[in-house]
Amino acid sequence: AQSVTQLGSHVSVSEGALVLLRCNYSSSVPPYLFWYVQYPNQGLQLLLKYTSAATLVKGINGFEAEFKKSETSFHLTKPSAHMSDAAEYFCAVSEGTGGFKTIFGAGTRLFVKA
Amino acid sequence: NAGVTQTPKFQVLKTGQSMTLQCAQDMNHEYMSWYRQDPGMGLRLIHYSVGAGITDQGEVPNGYNVSRSTTEDFPLRLLSAAPSQTSVYFCASSTGYRTDTQYFGPGTRLTVL
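Heads up: the protein sequence lines correspond to chains A and B, in order. Each step along the first sequence adds one to the number in our numbering, with nothing skipped, and position 65 is 90. Each step along the second sequence adds one to the number in our numbering, with nothing skipped, and position 90 is 286.
It is worth saying that the hints were derived from the structure and are not from the lab. Do not rely on the hints blindly, as some may be mistaken.
As the list claims (entries may be wrong) - Lysine-lysine pairs mimicking DSSO-like chemistry, simulated, CA-CA at most 30 Å apart:
hint, chain 1, residue 1, chain 2, residue 2
1, A, LYS93, B, LYS205
2, B, LYS205, A, LYS74
3, A, LYS126, A, LYS74
4, A, LYS74, A, LYS94
5, A, LYS138, A, LYS74
6, A, LYS138, A, LYS126
Turn these sequences into a full structure, and let the hints guide you.
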């Protein structure tokens, strides 16, 4: 079975600092990986996704993630945090065996300090 | 397009009551799913459907029923509410391909007393 582990339930950065949110996955088949963002009192929306094309994936709002098969990782980064980046971020992997399911990580809440 | 809509936004139930959470999408997506979100646990899949008339269980299906009579609608029924079902519920839809984005509704916050 596939699974996702997000390291750190809370991450705090200063405005302008690097954002790094960590995600490791477990999968017996080539994974398709996603990062979703949830702003307060809203549903989730897609930030970016890896679908076996380029290993470095660029998303919205300046975020990017790199798929590293040897490390089973898909960490999310942004060079310079903005106050508006404060939200909860979810890493997810989609299963392909016998139907479509998405497995989500527990989430990482990002705080941005002025 | 309205995307994915959910009603109600908030609901308070007493233990043992039943209710239906409504979900509708206007994107002609085949795949729809229900998740619950609890602090520190991320989103957990309750039930999903790969098309009208076809549903299957997810990770935490106990206490919930679903049906899919049309492509657009995917209601979630709580048969006899329990305090453990206090959560935020999200409905999502997609084309069903593994690489496809899921589109989420705004959520229903349910409290069971």
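Hints versus structure:
{"no.": "1", "hint": "A:LYS93 with B:LYS205", "in the structure": "39 Å, violated"}
{"no.": "2", "hint": "B:LYS205 with A:LYS74", "in the structure": "29 Å, holds"}
{"no.": "3", "hint": "A:LYS126 with A:LYS74", "in the structure": "15 Å, holds"}
{"no.": "4", "hint": "A:LYS74 with A:LYS94", "in the structure": "15 Å, holds"}
{"no.": "5", "hint": "A:LYS138 with A:LYS74", "in the structure": "27 Å, holds"}
{"no.": "6", "hint": "A:LYS138 with A:LYS126", "in the structure": "36 Å, violated"}
In the structure shown, a violation is registered for the earlier hints numbered 1, 6, in ascending order.
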